[in-house]
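Two independent chains are provided; combine them into the complex using the hints.
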Amino acid sequence: MNIVALALMAAGLFFMAIAVIGLVRLPDFFSRVHAVSKSETLGITLLLLGLLVSAGVSLTGLKLALIVLFVAISNPVGVHVLTRAAVRNGLMPWRRDGLHLASEAQGER
Amino acid sequence: MTEPHDSLILHFIVRAFMVPFIIVFGIYVLVHGEASPGGGFQAGAIVAAAFVLARLTLGREHAVNRFPTRVLIWTASLGMAVYLLAGVVPLFFGANFLDYSQLPVGWFNNIATHDETLRARGIFIVEFGVFLAVLGTLGILYDYLTERYLDD
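Protein chains in written order, with our numbering: chain A, 1 to 109; chain B, 1001 to 1152.
Chain B on its own, in the form it takes in the complex (with noise of 0.2 Å):
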């Protein structure tokens, strides 16, 4: 079963057309969901469903072996870390708990053209910290669920 799907048609839509397009598509939904339904949890969501499908039809040289199992266990380890430290960081800076507006990323606002609050910021990190973890978790579902690709 860790064959790739041997449909020429459905490997070429899936490879050329469907994963690229929902990663992208998760990404947007990522940094657009300040005006747009949407948010970390949805993007990771819609990313994972890239993986899932990607892993599905593929098979484990195109799928499995660029993201195995253990780099999404690493992925969700590192967006715990990131909104845990988002939440902490603040402490050490004279803040309350999760209070943005104390984040040292002033520096971000050099390279960012739009003139955004620093809380604005904060929520983003945290936002990025939930869609790794999202994407992370439910690719680690995935792949114990269905024990296809847990022997590398």
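Same shape as in the complex, but just chain A (with noise of 0.2 Å):
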């Protein structure tokens, strides 16, 4: 039970060690947000489950079973609005050769 729940923890920190680095060393918005929304969603969805596990079948166990379904949910949701509000503002994707700042310049509304 025990070795379960921080193998579950250890893996969750993983992939939020992973989102961090990709928010750092990523070019651009979409992948940044990209990073983030993927990894972090399912990194804090398995650190919660470690603590799940951890708590047993109890009250607190049923408070984080409920966490782990908002944030399961939310999180993507509220990625989606962000890329959305970038896409119609005109928020170009990166491109290696830079002609992704040709573009929003001219199709700057």
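Careful: at least some of the hints might be erroneous.
[To be verified] Here are the computed distance ranges between Cβ atoms for each label pair:
1) B/I1027 x A/P27: 21 to 27 Å
2) A/I18 x B/P1037: 31 to 37 Å
3) B/F1093 x A/P76: 29 to 35 Å
4) B/A1045 x A/S58: 23 to 29 Å
5) B/V1031 x A/S58: 16 to 22 Å
[To be verified] To list a few chain B residues with every Cβ distance to chain A over 12 Å, as calculated:
6) I1009
7) V1014
8) V1031
9) G1033
10) Q1042
11) T1069
12) V1082
13) L1085
14) F1128
Derived by calculation from the structure, the hints in this document are not laboratory data.
Note that the Cβ used here is the ideal one computed from N, Cα and C, for glycine as well.
Okay, structure coming up:
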């Protein structure tokens, strides 16, 4: 039981570390948001599942399960809204040759 | 800006999932405040967060027409009145200000099964007043700061 909880929490921390590295290293808004939404949702879900396993069947476990549910639904939806707003306002995805800057200037509204 | 957000996903999640659950959780924090972290102020802030979320995403028809600013002002005033009365009423029963043990709410014990003292009931009444006051005040703050929904 304890081993399983620790393994889940370690996996969650791994994914959250990946998310943070992505947030720092990736070049533009879309890829950063991509790193944060997927990897961090998985990371925090695994972390909370580890806590859930160590809490067992109790009121605390129920609360943790609800937190998992809420985070797993609201985090992607928040990123969806952010990305949608960025696309609507004409933000272009990053390109290695810098063309996104040109098309952004061209398509400026 | 008073239109609802046009994302169907956001609309569905907020209406069917986020707002109802946040309100239920706020009421849980209110009534469970003695046994776990929480209380009137926190519950009011949580429910007000649900109101603000609805106002941000759902637009006038689904969020504001049900709880216009007018109603929020009444809510805040009612909360003030409730906890002021919980303090003043014991004065007329020969007790000190805010002496809950002398509140005339003994009939409460007939409808509730838990064996709690009158003092705990008085504290809950004050908590409920704080809940309403904080809920109304935070909603009013949002409405006045954004000035979106004031014209009705």
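Consistency of the hints with the structure:
1. At about 45 Å, the beta-carbon gap between B/I1027 and A/P27 misses the expected band of 21 to 27 Å.
2. Distance hint check for A/I18 and B/P1037: the Cβ-Cβ separation is about 32 Å, which falls inside the suggested range of 31 to 37 Å.
3. Remark: the range hint 29 to 35 Å for B/F1093 to A/P76 is contradicted by a beta-carbon distance near 56 Å.
4. In this structure the supplied range 23 to 29 Å holds for B/A1045 paired with A/S58, their Cβ-Cβ distance being about 27 Å.
5. For the pair B/V1031 and A/S58, the supplied restraint of 16 to 22 Å holds, since their beta-carbon distance comes to about 20 Å.
6. With 12 Å as the threshold on Cβ separation, the claim that B/I1009 sits away from chain A is violated: the shortest Cβ distance comes to roughly 6 Å.
7. With a least CB separation of 8 Å from chain A, B/V1014 falls inside the 12 Å interface cut-off, contrary to its annotation.
8. Interface exclusion of B/V1031 from chain A stands, the closest Cβ pair being 14 Å apart, more than 12 Å.
9. Listed as a non-interface residue, B/G1033 keeps its Cβ farther than 12 Å from every Cβ of chain A; the least gap is roughly 15 Å.
10. A cut-off of 12 Å between C-beta atoms confirms that B/Q1042 is not in contact with chain A; the least separation is 15 Å.
11. Chain A leaves B/T1069 outside its interface by the beta-carbon criterion, the shortest separation being 25 Å against a cut-off of 12 Å.
12. Even its closest Cβ contact with chain A, about 29 Å, leaves B/V1082 beyond 12 Å, as expected for a residue assigned away from the interface.
13. With a closest Cβ-Cβ approach of about 34 Å to chain A, B/L1085 is found to remain outside the 12 Å limit, as its non-interface label requires.
14. Every CB of chain A lies more than 12 Å from the CB of B/F1128, the least distance being 23 Å, so the non-interface label holds.
This entry does not satisfy hints 1, 3, 6, 7, going by the numbered hints stated previously.
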